[in-house]
Amino acid sequence: MQNGLQPTARVYMDANATTPLLPEVVEAMHPYWMEFFGNASSIHLDGQRARTAVDHAREVLAELFQCHEAEVVFNSGGTEGDNTALVGLLRRGDHLITTSIEHSAVLQTAHRLADRGVEVTFVDPLPSGLMDPATIRQAIRPHTRLISVMLANNETGVLQPVEEIGRIAAEAGAFFHIDAVQGAGKVPLDVRRIGCHLLSISAHKMHGPKGVGAMFVRRGTPVESLLVGGSHERRRRAGTENVPGIVGLGKAAELAMRSLEDGAWDRVAALRDRLETGLLRLHGTGLNGTGGDGKPVARAANTTNLWFDQVEGEALVIALDLKGVAVSGGSACHSGATEPSHVLLAMGLDKTRARASLRFSLLKTATDADVDHVLRVVPEAVEKLRAVSPVAAGTLG
Amino acid sequence: MTERETIAVAMSGGVDSSTAAAMLAHAGETVVGLTLQLWDQTRLAGKHGIPDAPKAGRCCSLDDVYDARRVAHQLGIPYYVVNQEARFEQDVVRPFVSEYLAGRTPIPCSLCNNHLKFDQLLQTARSIGASRIATGHYAINEYDEERGRWILKRPADLAKDQTYFLFGLTQAQLAHTLFPLGRLTKPEVREEARRHGLALAEKPDSQEICFIPGGDYKQFLTAYLEEQGETMPETDGELVTSTGEVLGRHEGVSNFTVGQRKGLGVASPTPLYVLQIDSASHRVTVGADAELATKTLRADRLNWISLAGLERPMRVKVKIRHRHEPAWATLEPDSRPDAATATFDEPQRAVTPGQSAVFYDGDEVVGGGWIV
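Residue numbers (our numbering), protein chains in the order written: chain L, 1 to 397; chain F, 1001 to 1372.
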């Protein structure tokens, strides 16, 4: 950057968008670019090298999911997993239950299926951002074939009651898919206990590479592959295996499981809480995703979502970026401009408050110094914004 | 480096604003690029004959955002897209629609400049720590010590003069606005773009109103009102001559604009033109070309630039539409401070309510307002 606007020290608090690879992950992937470049389907030794690496990663993923190795399917990431679950299971006349706070990989796929004759029910969350299992139960119909719910919400971090929803799905005889893209690596997974048939994850949200992910597909689940071609992944996903990516995902999953045991997330939660408490000291600020008691509901350790009265979140994101702090507000629309978060709107926030909201999502590697920096920069930026922008006093929708 | 020096450049993805950004960045200024996302080009696509795929050269098309982003990246400046769709609809599209339905011919670009672009851009700039904005408009903006005012002047390239659309800029806005292209001609701007290695140096200029793909106002009105669940108001009425003779009926005042010749739906041995549209009675008056000429006009919602206000009559040249050659007139104060009357030396053809009248003293913009 030749214009000197980008300070050298940057604090990245947008881990729910993506995370950097950990050095161990880069190291694990390294031999598979040039040295062990074989095609995992080839008969020869070069192919076998690649196959061994893929199989090893599969074992790690089976441990992460608590499933059998044969139930792990590698793919290109969360969007493909979500698409596969919905498109691969639902036919005209089937009924799908999902929530209005899902990622667009589920929401937009559901809309497309609705155009093609699948009946879709979008269930709204409680104002806390939590799904009430009773509302899912009420949505059940005789022809309900699939229930798809996320594990952790990307905007609020709120953890959904997937075990209860799993029991409801079992009673109704419906398949159950979990979008665990934000939850995986942050909370322990156990597909048997949850009782799901399908579960999707993405590598890059847990310090793995972009463009690779995995799916748990319970044995006997009649989900059709989106991609047709070779007999890769036991005919469940055609296309030459992304060997370096899969190796990276395996290493990232291994490190994620270690973090779940060594207290890394307790440390992150403490940092997040200190950040949150510090920001809530500003006047005209509040937390999105609290229960009736005003306390936050159970959520991922790294995420907090706050509103800043009389602030345009989009401008605050830019102002903070120019001060070296990366956070996010709402979701980017086609052009890259910000739309108010559909999650916050579904929780009942009005548009002005949704637009005044920011998400801080900490990396597993976040430090005290990061939090100190953000606590210094945000109050200044908020004050400045309030001084110059009347925010049209809520007149704009 | 203090924040005071940061300049936010409005980047549309076109040659002009890209070159403005390049010139400032290469002059060593601290620059941030901003694109205002004003209208979702896919919103009404495919409805009532509106083209399906928006083509480049219109603000907010994805290609243009891509181009702007690429230029910013090349210049090494931070770049952001700012969502102003709600304000644009409220302050520009809605007024445009209601003006049109009332039989007037609005200029959305002036509405946008007056109510959104500069106002909002300055606000966004300030909130992100920039104190001034720059745009790729062809105009000159200078502070005059003697008068203690910011003066807006016609640019070096009179063929590209955009002061007609900028008459609404307040002194406070002008004080924080830069027009880096004001002293260059269009060919010189393209040359500058090439010199800075901008890939879009040869990109064609955009001409249309940004939110009306294909430039068909009626298509847009129909599709927009349908989307809003509103019906086109019934504004059919009589088609009359200036002497009151009824020639027939028409299907709605929004089909007409003053000076229009085609599509009147009546046969006549001599060409007929729309002279007047009465939005109350829905009566459209037509007549011969000679009858189109008007000696006086009244404008309101005035903004003064080179003067604090008009106290006595003043000789000015008045421009009454974008492609009009400014004509000599005497401007006189009105009983209302935000209105004035101009009496032309020579009658002017098709003075159109809803368009703006901008007053010039030599190269300087004295002020301007909306023709009533």
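Mixed in with the good hints there might be a few duds.
[As the list claims (entries may be wrong)] A few chain F residues that face chain L, going by a derived Cβ cut-off under 10 Å, partial list only: (1) T1035; (2) L1036; (3) Q1037; (4) S1061; (5) V1081; (6) Q1084; (7) Q1123; (8) T1124; (9) I1128; (10) G1129; (11) R1132; (12) E1145; (13) T1222; (14) L1225; (15) Q1228; (16) V1240.
[As the list claims (entries may be wrong)] When the alpha-carbon atoms are kept at most 20 Å apart in a straight line, the in silico SDA-like pairs for lysine to any residue are as follows: (17) K384(L) with E1085(F); (18) K323(L) with E1005(F); (19) K1295(F) with P1347(F); (20) K384(L) with E1230(F); (21) K323(L) with S1131(F); (22) K323(L) with A1267(F); (23) K384(L) with D1119(F); (24) K1160(F) with A1308(F); (25) K351(L) with E1085(F); (26) K323(L) with G1076(F); (27) K323(L) with E1029(F); (28) K351(L) with D1040(F); (29) K384(L) with Q1123(F); (30) K323(L) with H1073(F).
Since the hints were made in silico from the structure, they are not lab data.
From the three backbone atoms N, C-alpha and C, an ideal C-beta is built for every residue, glycine too.
For this session: Please name the hints from earlier in the document that this structure breaks, with their numbers sorted from lowest to highest.
Result: 11, 12, 13, 14, 15, 16, 17, 20, 22, 24
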